[in-house]
Amino acid sequence: MSVGQGVESAVEAGGFDEAPLRDLLETYQDQRGALIPLLQGTQAAYGYLPAEAMESIARALREPLSQVFGVATFYAQFRLVPRARNVVRVCHGTACHVSGAPLVSLEIERNLGIGDGENTEDMMFTIENVACLGACGMAPVMMINDRTYGKLSPDSAVKAVKEFRAKEEGENGSGDTSAVSEAEDADGAEA
Amino acid sequence: MATATAIRRPTELHARLVVPDVEIGICLGTGGVAAGGDEVFAAFEAGLAGTGVFAVVKPREDACQGSCASITGTGCRGMCAMDVLVDVLTRKEGVESKVTYGTVTEKMVAKIIEEHIIGGEPVHKWIVLSDDEPTSHNEFYQLQDRLVLRNCGTIDPEIIDDYLEAGGYRGLYKVLTEMTPEQVHQEVLASGLRGRGGAGFPTGLKWKFAAEAPSATGEKFFICNGDEGDPGAFMDRSVLEGDPHSVFEGMAIGGYAIGADHGYVYVRAEYPLAIKRLKIALKQAEDRGLLGANIMDSDFSFHLKIKEGAGAFVCGEETALMQSIEGKRGMPRLRPPFPAQSGLWKSPTNINNVETLACVPWIITEGAEAFAGRGFEKSKGTKVFALTGKVKRSGLAEVPMGLTLRDVIYSIGGGMKDDKEFRAVQMGGPSGGCLPASLLDTRVDYEELNETGAIVGSGGMVVLDTDNCIVDTARFFLKFTQAESCGKCVPCRVGTVRMLEILTRICEGKGVPEDIGLLETLADDIKAGSLCALGGTAPNPVLTSLKYFREEFEEHINEKRCRAGACAELTTYWIVAEACTGCRACSRACPVDAITGEKKEVHVIDSEVCIRCGACYQKCRFDAVRRQ
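Just so you know, the protein sequences line up as chains Y and S, in that order.
Every letter in the first sequence is one number past the one before it in my numbering, and letter 14, counting from 1, is 14.
Every letter in the second sequence is one number past the one before it in my numbering, and letter 612, counting from 1, is 612.
Don't take each hint at face value.
Claimed, not checked - Pairs of lysine-lysine, DSS-like flavour, derived with a Cα cap of 30 Å:
hint, chain 1, residue 1, chain 2, residue 2
1, S, K479, S, K510
2, S, K305, S, K174
3, S, K174, S, K125
4, S, K599, Y, K162
5, S, K346, S, K378
6, S, K111, S, K125
7, S, K58, S, K208
8, Y, K151, S, K417
9, S, K619, S, K417
10, S, K279, S, K346
11, Y, K162, S, K98
12, Y, K151, S, K283
13, S, K417, S, K125
14, S, K328, Y, K159
15, Y, K151, S, K125
16, S, K392, Y, K151
17, S, K600, Y, K159
18, S, K378, S, K283
19, S, K560, S, K417
20, S, K107, S, K174
21, Y, K159, S, K174
22, Y, K159, S, K279
23, Y, K159, S, K107
24, S, K279, S, K328
25, S, K479, Y, K151
26, Y, K162, S, K276
27, S, K510, Y, K151
28, Y, K151, S, K98
For the record, the hints were derived by calculation from the structure and aren't laboratory data.
Throw the hints in and build the complete structure from the sequences for me.
What follows is the structure, given as structure tokens:
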């Protein structure tokens, strides 16, 4: 995923890689209302909003850093810490809530060993509980990145997460056999 | 009226080069994709090519000699519970016949191709809709009247020619050639169209105010509010995904009416598919000269931009939305001045909801009278409802205003899922409320619903059965509004926290009798002391629940009992030995390993360990797990 590569390349540079941000600033700097699109672009490139990037944006827009930070913390979309390569968004809209979303969440969190807003140790998944994904007819629903999964049960949700992991690991050829994924495999075989 | 002499009709479309013998339409809305629509699409493509009988063509691009078939990805047609929905239209000796298959998976495609498309005999057991052999699902559409959703599910939203062929951009052509801006807002006013985002303000009047407002900056703006944040509502998403041009056309007509030449479509970032389709549609409309500078060679220009929201429910409020477009924290501000006088970048600005705008081209082409002829008393036209929760057929339903809740839930929705007992219907999301069975004959009408304490709102309609707890549902909405409060007004910022604390302790069995009175006092204060509708309506779910389901609150407080078994702290689970087969389904489902027992022997729940999540209760097929 491009988001993940962005994070890695920024880290590899032994600090902050300004290049992606410079392109964004060139595109948006002179537009009205540029701050939010700039932050969105920055997050897409780096996976989160690095402090250095917010400082550069504030300078470029001639806005106080507090203004940039204020916007970054107001909106649910923005993250100030890196997130994992893939995001599992579990919908907690009304239709999902009454159709068993709390159980789906519980089971995914148990399986990945993390809670809402946290990253797995191998940086494979971040869990985000969201208000409504708008696919209420398919409740309960979750998304892994841009793909939506509907009519979930706790079991099928975990199965989808596991299949996604297996596919990712297969593609990367990393054969990541951390304790977490081994435990999952055993669990899966029993189910 | 625009003055240019030769305004171009929007009829320059790439006509179909062939009329395929078979047309397959596959739902690729969010619901369809979630159910595997892309895979079904690919299976049809591969399957048809593999037969050697049909050439798979794009009707506007490819000519074809022998037999040919087309496959189209369409938007949402409403019956989301049956996704993936696949239409198969066959033409034989001039006779067309069309059936719709439901819950189609990849594996079913080969049989449909072999028996129906080649063999000529539909696969009857999978049909959900058919003119020739009506099924019980035909009821889903019987009471519907689809104006807003007129093209959703029939056209390919990524091909502008489909929209043009369905009559698209003719409304815009009509206003540019025949009507003055004043006539346009008069026409919309005469139609009786009211804002579909929830407030129900007459759209024509809103346009008139913005049209008459002088602009100190020399600019005016027209904004489409696509920040559909109510949990349980997805009508705007479906329109944006399934028929994006209808919203653009409505905006351009509105821009002409108020004198704006710039517009913004503000869409939730949580709707990636809608954003993608809007961008494709915008490019196509600009390429054809239907948006941008000198539309259809007239002197009217309308430049559109797509703005992605960043995740804040309060941005559905119009002043907050404009703050967000300006790149600030989305916090509402005091009105007046109203946006019509001073809105985006201090210029006169008009904001309408997606569904409202999708009505506009229809009103212009079909006439205000046709729209006003539908509906009930002061609520004209139709309204799209997102019918979800515990109904058999959840999905999107567009009905004339004035139908009863019972019609919508029982006829269109097919009644209660698993034939459980109806408990309540939640109308209008976090600003609305829960209505009991005794109010099922209430009409869906702005005034009549307001009287009950619920609202039409954006159109979310969530049906609850006896497994759902009313107190928990009220807490659910309070939790939502509390988290989404922008923090500007103290009564909303702090008051919602206090209300949530009280509701939480009631759900946990720690409520005291004074709590009900305290909730009501806080509710009044929050309503009175909040600037915007988020705070002003946040207590509604609690107030309506107290109005119609007071005894459930009292049971939680006085008897420490949750009749639905949904509040964990008030519920205990146990296994009835006589019914338990030892199948281990419950112990496998238990997230905390609270259930023990050997295979084929009676299982036992350790209530010390049990977290009362109900997973075992749902899994048991022998009614051995009980709760109270």
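Evaluated hints:
no., hint, result
1, S/K479 / S/K510, "holds, 18 Å"
2, S/K305 / S/K174, "holds, 24 Å"
3, S/K174 / S/K125, "violated, 46 Å"
4, S/K599 / Y/K162, "holds, 26 Å"
5, S/K346 / S/K378, "violated, 33 Å"
6, S/K111 / S/K125, "holds, 12 Å"
7, S/K58 / S/K208, "violated, 44 Å"
8, Y/K151 / S/K417, "holds, 14 Å"
9, S/K619 / S/K417, "holds, 17 Å"
10, S/K279 / S/K346, "holds, 27 Å"
11, Y/K162 / S/K98, "violated, 39 Å"
12, Y/K151 / S/K283, "violated, 34 Å"
13, S/K417 / S/K125, "holds, 21 Å"
14, S/K328 / Y/K159, "violated, 41 Å"
15, Y/K151 / S/K125, "holds, 22 Å"
16, S/K392 / Y/K151, "holds, 13 Å"
17, S/K600 / Y/K159, "holds, 26 Å"
18, S/K378 / S/K283, "violated, 38 Å"
19, S/K560 / S/K417, "holds, 28 Å"
20, S/K107 / S/K174, "violated, 48 Å"
21, Y/K159 / S/K174, "violated, 54 Å"
22, Y/K159 / S/K279, "violated, 34 Å"
23, Y/K159 / S/K107, "holds, 20 Å"
24, S/K279 / S/K328, "holds, 24 Å"
25, S/K479 / Y/K151, "holds, 24 Å"
26, Y/K162 / S/K276, "holds, 28 Å"
27, S/K510 / Y/K151, "violated, 34 Å"
28, Y/K151 / S/K98, "holds, 28 Å"
Figure legend: structure checked against the earlier numbered hints; hints not met, in rising order: 3, 5, 7, 11, 12, 14, 18, 20, 21, 22, 27.
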